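Visitor: Each chain, written out:
There are 2 protein chains.
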Amino acid sequence: MHPGTLIGVPQTDPSSQFDVATTVRRTDGGGLAADLDPGWDVGGGILNGGYLLAVAGRAAVLESPHAHPVALSATYLRAPAAGPATLTVSPASSGRTLANSLVTLADAGGPALVVQATTATLGHDEAIWAEPMPDAPSVEHCASAAELRHVAQPVDPLPGLSQRLDTRLDPATSGWAVGRPSGEPVIRGWMRFSDGRDADPLAMALFADALPPTGFALGRMGWAPTVQLQVLVRALPAPGWCLVEARGGDMAGGWVDEDYRIWDSSGRLVARSRQLARASRG
Amino acid sequence: MHPGTLIGVPQTDPSSQFDVATTVRRTDGGGLAADLDPGWDVGGGILNGGYLLAVAGRAAVLESPHAHPVALSATYLRAPAAGPATLTVSPASSGRTLANSLVTLADAGGPALVVQATTATLGHDEAIWAEPMPDAPSVEHCASAAELRHVAQPVDPLPGLSQRLDTRLDPATSGWAVGRPSGEPVIRGWMRFSDGRDADPLAMALFADALPPTGFALGRMGWAPTVQLQVLVRALPAPGWCLVEARGGDMAGGWVDEDYRIWDSSGRLVARSRQLARASRG
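Protein sequences, first through last, are from chains A and B.
Here the first sequence is numbered in this note's numbering, starting from 1 and rising by one per residue.
Here the second sequence is numbered in this note's numbering, starting from 1001 and rising by one per residue.
Keep in mind the hints are simulated off the structure, nothing from the lab.
Do not rely on the hints blindly, as some may be mistaken.
[What the hints assert, rightly or not] Quick list of the computed label-pair ranges, beta carbon to beta carbon:
no.: 1; chain 1: A; residue 1: ASP198; chain 2: B; residue 2: GLY1083; range: 47 to 55 Å
no.: 2; chain 1: A; residue 1: SER15; chain 2: B; residue 2: VAL1155; range: 57 to 65 Å
no.: 3; chain 1: B; residue 1: SER1015; chain 2: A; residue 2: THR88; range: 52 to 60 Å
These numbers come from a predicted model, not from an experiment.
C-beta: ideal position from N, C-alpha, C; glycine also.
All chains should be built: construct the whole structure from the sequences, respecting the hints.
Guide: Listed below in structure tokens is the structure:
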């Protein structure tokens, strides 16, 4: 890999599990490739959708004159296998302020994920209008999501995602783990990488799909496979814990939609996402 | 045009301005074409983004075994001219429950809009969880958005969109028209087609981008060109007025994001959208 030949070179840290697992390299033929890491699964060998989106977002930035993904809209066609994957970036438009491209992530079975990526370069601008961070107990007063999940549905080993992210849930939104769902489809918690890597715009693609399904808070313990996911990155995250809140919109006719909002340690809203998923059958 | 040769044939009514303006026909060469109608502009000859998305959504449904767009994620590359346009639908996956495709709308200047479309067939399912309609004054106690816009910024003639949609704004969110912005980026109003056509899933793509920019409510009277727009259609709208509410998320660094929620006359949430736009300079 010759970083000098890449158009954009996002910072990667070889000591970061996330940076290593989302590395996109240029092949001898000039294409882009990644090795999907089995360690970012949500159980049953299914790779987390946010992890896959981060890999696609990194490919988009590599081929862009801009440094950050600001809008990623993804369609999930099928679950790709861990292992070798190819990334195809088709530029759509490029200007001084932003660039647009279409990214396809494929494994041996064919295309798995298609992403419309808008890249730009985020600065440290004051917000003219910003949504304030909601009240939440401090990290010390929250419980590990991995431990709660284990209480709710014992699994061994713990899914990779639960190991690589340190998530501490607000007790007001984690009653489902002990059979007392709140009845409101909201799950909120503090999140950071377990290895201490700071959050950045690319990490927002991961954080924006990394809480348990909000259906859990309604006592519906099944999974909800994502059909479309849009992530907007609205500011550069400050170092430290992010507060991540997922809120279910509507559940009807076998479909569910869900919004995420993410605030950084300074209280600034840094990302928001929305997804449409097939409703959990739990 | 031979409707029998189309895979899916959405209902079109020749007496509906919207149906005529969003007609997609198959060309002799087997491609899809539309005539972008100059009558759906937002001023200055710029066609409304929701109108363009509805044309793309109709093309997606035409090539799908399913009847309705349920998720449309669009990137706006450039403003297309009114007149002839071509639509290219690339199927991505198709199953019993849903189908995915990528739709490109192009005019003589090249691609203008790229849309990831998920189509499915919506039924009349009871919601397991649904967001209730907010309080709003009755239609009779709301004021015409077209008249308010004219008061705020006199234009002659009125933009086509303002003529083709009948929008009545909640007075609590229309103070900007008389120099008294509310200070909260929310605009809410009742909406229907001026010619009486009932709303349907395709109309949601239009309604979800048809209120004045929420920056107006902050006293910022400039336009905000859309970069990405995602529309989710969550239920079949009942006949009658829809209540449409736009809420600005964050405004910072030259970007703004905005959410729409749409309820039908029965109070059921039928659609929601989110867009990222360049912030208005007003």
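Visitor: Would you list, in rising numerical order, the hints stated earlier that this structure does not obey?
Guide: Number 3 - this is the single hint that the structure violates.
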